[in-house]
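Novice: Take a look at the letters that make up each chain.
Number of protein chains: 4
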Amino acid sequence: MRTGETTIRVRYSECDPMNVAHHSAYAVWFEMGRTELLRGDGVSYADLERAGVRLAVVELNVKYRRPALYDDLLRLETRLVEASFVKIRHEYDLWRGREKLAVANTTLACLTPEGRAIELPPVLRAHAEGQARPA
Amino acid sequence: MRTGETTIRVRYSECDPMNVAHHSAYAVWFEMGRTELLRGDGVSYADLERAGVRLAVVELNVKYRRPALYDDLLRLETRLVEASFVKIRHEYDLWRGREKLAVANTTLACLTPEGRAIELPPVLRAHAEGQARPA
Amino acid sequence: MRTGETTIRVRYSECDPMNVAHHSAYAVWFEMGRTELLRGDGVSYADLERAGVRLAVVELNVKYRRPALYDDLLRLETRLVEASFVKIRHEYDLWRGREKLAVANTTLACLTPEGRAIELPPVLRAHAEGQARPA
Amino acid sequence: MRTGETTIRVRYSECDPMNVAHHSAYAVWFEMGRTELLRGDGVSYADLERAGVRLAVVELNVKYRRPALYDDLLRLETRLVEASFVKIRHEYDLWRGREKLAVANTTLACLTPEGRAIELPPVLRAHAEGQARPA
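Residue numbers (the working numbering), protein chains in the order written: chain W, 1 to 135; chain U, 1 to 135; chain X, 1 to 135; chain Y, 1 to 135.
So here's chain W without its partners, still in its complex pose (with noise of 0.2 Å):
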């Protein structure tokens, strides 16, 4: 299991009074995970979109153990760990340093631009194929 490796700056507009990162922007961070994942085998989110693919998060799963500050440079691990016919399943690790800040999980349905399910097109098949046995 191949593992894509994020480099992501804290920004302030992502911090709320608690002078942490808001738990939301997590969600924001972990698809640039996966983005930067399917960058590294040469496939385009932006394309498959002109190509007519969408990929919708349909569950997220996350545990937040110690909070992210203002600035801090963060390390996001993504890895692809499970692909069926319409679904991919991505597990997250953040580090700070070796300090683990959160762990999570999400699950992606390929759709329409109409949001209909459809099978995942070659391009992303082989992509989860790289990285995972498909269900």
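Accuracy of the hints is not assured; some may be wrong.
Which copy is meant is left open, so a pair is good if it fits within one copy or across any two.
Unchecked claim - Below 20 Å or equal to it, Euclidean Cα-Cα: the simulated SDA-like pairs (lysine to any residue) are: (1) K87 with P67; (2) K63 with V86; (3) K100 with E129; (4) K87 with N61; (5) K100 with G130.
Source of the hints: derived by calculation from the structure; they are not laboratory data.
Since chain W is already given, all that's left is putting chains U, X and Y on it; use the hints.
Specialist: Just chains U, X and Y now, with coordinates in the frame of chain W:
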């Protein structure tokens, strides 16, 4: 178990190129639901913060069933389902008319401004006990 | 010149470590003001988009006088002050009670989905003429 | 006058149903530009905040010329153009390759945590004087 209701108009800036509300926006809406549930008991989260109490999200789980669209008028049901000495658990159902768009739950931990876990203050305990048996 | 009013509750996620609403949130609120002003004339921006009309912000100017705080209930006044064949100009005043928190203006251009400038469609022209003399 | 450069990858969540970056995202990017310009002089805005200094945006003016698209790699030029006893003015040019997408400027005021205007602290004054003649 009491239920709070919050009306949410989907903002243009919350929608993405798939023409649907971005999945990270839901975490913001759930937070609005918690704030309104507190307000219904005469408790202001802004006052709690001024008194040195922080409620940090330590877990978030969302299942997205159908997309929310720009300008949709949504109804969010928020339930406080469990409270222990240091944590509070909520459940959420998000509706557009009779369509259930998403179900979710969160766990909050009570912290000092420095991030140390503390017991729920009396006003929060009373709020929790009015709606759920403490664990 | 008619004025539309929108009520805005400041969200926790819109606030930053200075304990005030982040300055980028105001642009989102002004957009809500424009949507509500249109709705007051029976025009849905969502319908306009489905009909192939885009309104792109080409200029934004904001003066921030006093901070908006978490949970504040604000009142936004939105005025359509000028319309030409292809552009619409709005002005905004943001209030908390009798305190004026910000003044702003925006200019929108009417575009095709591909980004080419086009004349305002009749429904937008009627909306504009009801509130301002076209330039 | 020195210029700082920041590279920005447009995030999916920053894009709206027009398939372009939402105009509110630019304010976030300009803030990143200011942070990086400070960092280039060895000044951390996070440290300034811990020392009790706040820099509040009191004015924002943006002209949007061409849209930024999802996954675009943009280059932001940030210039500190003027500093008085209590305010700092920056100018911005946002580029995609040789296309200028937007020009903007902001004015920041130096405040105490309670929101009272104060003189720029020495470290900020040195930063400003290195790049612009104080007004």
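Novice: Are the hints correct? Go through all of them and say.
Specialist: Each hint tested on the structure:
{"no.": "1", "hint": "K87 with P67", "verdict": "between (30 Å within a copy, 17 Å between copies)"}
{"no.": "2", "hint": "K63 with V86", "verdict": "between (26 Å within a copy, 16 Å between copies)"}
{"no.": "3", "hint": "K100 with E129", "verdict": "neither (28 Å within a copy, 34 Å between copies)"}
{"no.": "4", "hint": "K87 with N61", "verdict": "both (16 Å within a copy, 18 Å between copies)"}
{"no.": "5", "hint": "K100 with G130", "verdict": "neither (26 Å within a copy, 36 Å between copies)"}
Consistency note: the structure conflicts with the earlier hints numbered 3 and 5.
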